[in-house]
Amino acid sequence: MLNPVIDEDGAPFWEYTARGELRVQACAERDCGELRFPPRPCCPHCGSFASEWRLMSGRGRIWSYVLPHPPLLPDYAEQAPYNAVLVELADAPRIRLAGNVVTAPDARLDSVDPSRLRIGAPVRVAFTEIDGLAVPRWILERG
Amino acid sequence: MLKDATAIVGIGQTAFAKRLPETEKALACRAVLAALDDAGIAPSEVDAFASYTMEETDEVEVAKAIGAGDVTFFSKVGYGGGGSCATVGHLAAAIATGQASVGVAWRSRKRGSGPRPWKNTAVQLPTPGQWTRPYGLLRPADEIGMLARRYMHEYGATRDHLFNVALACRNRANQNPDAIMYERPLTREMYMTSRWISEPLCLFDNCLETDGALACVVVSAERARDCRQKPVYVHSAAQGLPAQHHGMVNYWNDDPLSGPAWTAARHLWKTADFGPQDVDVAQIYDAFTPLVPLSLEGYGFCGRGEGAAFTEGGALELGGRLPLNTGGGGLSEAYVHGFNLINEGVKQLRGTSTAQVPDAATCLVTAGEGVPTSAVLLRA
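Going line by line, the protein sequences match chains A and B. Per the UniProt record's numbering, the first sequence runs over residues 1 to 143. Per the UniProt record's numbering, the second sequence runs over residues 1 to 380.
What the hints contain is simulated information worked out from the structure, not anything from laboratory work. Note that the Cβ used here is the ideal one computed from N, Cα and C, for glycine as well. Take the hints with a grain of salt, since some may be wrong.
[Claimed, not checked] Some, not all, of what chain B presents toward chain A, calculated at C-beta under 8 Å:
hint: 1; residue: 119
hint: 2; residue: 120
hint: 3; residue: 128
hint: 4; residue: 130
hint: 5; residue: 131
hint: 6; residue: 132
hint: 7; residue: 133
hint: 8; residue: 135
hint: 9; residue: 137
hint: 10; residue: 196
hint: 11; residue: 198
hint: 12; residue: 199
hint: 13; residue: 252
hint: 14; residue: 254
hint: 15; residue: 304
[Claimed, not checked] Stretches of chain B that chain A covers, calculated by requiring three or more beta carbons in the stretch to come under 8 Å of a beta carbon on chain A:
hint: 16; region: 148–162
hint: 17; region: 242–251
Given the sequences, and given the hints that come with them, work out the whole structure.
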């Protein structure tokens, strides 16, 4: 499996997931405060380099999804067809996190029957530990 | 001004196949020399080059192999197939501003027998791939499939609309002896029962995997009048990187379904003497079928959300509202990062296409939608 990459801009995201928190970078300028993703050094709205990480509720809706079939990298092919989704965050609808809908945080990427996936379906975040990183997964609210 | 200041006067290509024995470098040289021969211009006169950042044979190798003269302009454009038309655009700009006089653009790629870029796990995942690839969005087909499903959901587009795109390209390929799919017709049943690649995209929604190379030669309009071939003028050229765009994973802005095509189109039409309704034939980048309805909207052939419906009733076929990809495109002629679309546009305006649109005088050629892109308007 490919592990998430930790770089300087994104490191706080993973520090917060390790505490069980889903946070998104936001401008810390009082008059601005715009959220942005992926993380970057400065605010595209006001140019400020001051940023903070705002706590999200962890709830969202499926904005779209695909079901990849082989040819794929071996670790993914072994679980195919699996789902890959974009989750529109309830607190930040323009920010759509890529992820996987699973039956439980540690379940396989193909653990949810694809017929249960719908655009608009409500999901909530859960975290699974992969190689020391707390990686977000998504659970259907109406499981 | 760029308008009609330069012209494409030579085109060249190698054979297209799943596997060609020669190296990418040899194929590049063959395509470039064929284009120069077509133009009737000696290699020693070439003083400008333009290609893609993904092109593996660099200017130094090509220039010394073909026997180019002193080169005073060279440029490479990024973002894979998004750079195709910009190679011509950069040469046109360089020649129109007096930086060079004979420009060659090319692309050589062994994507048929060579590696699939997405299989490379050795390189560090860049932003934004580090936020998507670990979750199994591994391939361009997965990344575009995500936008495709959302597009289908928002606008009522169906797989039949995507099939219309695949079929139009295949039908034109069936007329083109150089196309990989020349002798292989496509039916709706084949399409609907084919295997998934990344649902909602099936095998026939994906471009070919091809070995091949192409090139073209750009000179000033004045010089073009003395060349062997009928000049095809570069009427307008544009690149497009929209505000807050994220590349092929354009998932984090207000409107992921309006992409770089819209940005390129605004500039393209602003500097042109004609509009979308005056385009006789189009070559629209088709790495994946859903890029075509998106591009039809972006370049103004229809309104927002109408791209799928536009494909109905044979609109994309010969005799339709907008015949497109008349050599077969990336889906059915060859996938060489869209360079075959440029050369096919030239063939149409010379009147030498294997699927000729009668009296075609204007052609839109586009590069990949869904990544920072480019486009050119050509006229006879």
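Hints and how they fare:
1. Using the Cβ-Cβ criterion of 8 Å, the hint placing residue 119 of chain B at the interface with chain A is satisfied: the shortest such distance is roughly 7 Å.
2. Given hint, residue 120 of chain B at the interface with chain A, is violated; its Cβ is 10 Å from that chain's nearest Cβ, farther than 8 Å.
3. The interface hint given for residue 128 of chain B is met, as the beta carbon of that residue sits about 5 Å from the closest beta carbon of chain A, less than 8 Å.
4. The closest approach between the C-beta of residue 130 of chain B and any C-beta of chain A is roughly 4 Å, which is under the 8 Å cut-off, so the hint is satisfied.
5. A cut of 8 Å between beta carbons decides the hint on residue 131 of chain B: the least distance to chain A is about 5 Å, and the hint holds.
6. Checking residue 132 of chain B against chain A by beta carbon gives a least distance of about 4 Å; that is within 8 Å, so the hint holds.
7. Evaluation of the residue 133 of chain B hint against chain A yields a held restraint, the C-beta minimum of about 5 Å falling below 8 Å.
8. Using the Cβ-Cβ criterion of 8 Å, the hint placing residue 135 of chain B at the interface with chain A is satisfied: the shortest such distance is roughly 5 Å.
9. The interface hint given for residue 137 of chain B holds, since its Cβ lies 5 Å from the closest Cβ of chain A, which is under the 8 Å cut-off.
10. With its C-beta approaching chain A no nearer than about 5 Å, residue 196 of chain B sits inside the 8 Å limit, and its interface hint holds.
11. Nearest Cβ of chain A to the Cβ of residue 198 of chain B: about 5 Å, under the 8 Å cut. The hint holds.
12. A least Cβ separation of about 4 Å between residue 199 of chain B and chain A falls short of the 8 Å threshold, and the interface hint therefore holds.
13. At a threshold of 8 Å, the smallest CB-CB gap from residue 252 of chain B to chain A is about 5 Å, leaving the interface hint in force.
14. The closest approach between the C-beta of residue 254 of chain B and any C-beta of chain A is roughly 6 Å, which is under the 8 Å cut-off, so the hint is satisfied.
15. Because the closest C-beta pair between residue 304 of chain B and chain A is about 18 Å apart, greater than 8 Å, the hint is violated.
16. For the region 148–162 of chain B, the proposed coverage by chain A is satisfied: 3 residues have a C-beta within less than 8 Å of a C-beta in that chain, meeting the threshold of three.
17. Under the rule that three or more residues need a Cβ within less than 8 Å of chain A, the assignment of the region 242–251 of chain B holds, with 4 such residues.
When each numbered hint is compared with the structure, violations occur for hints 2, 15.
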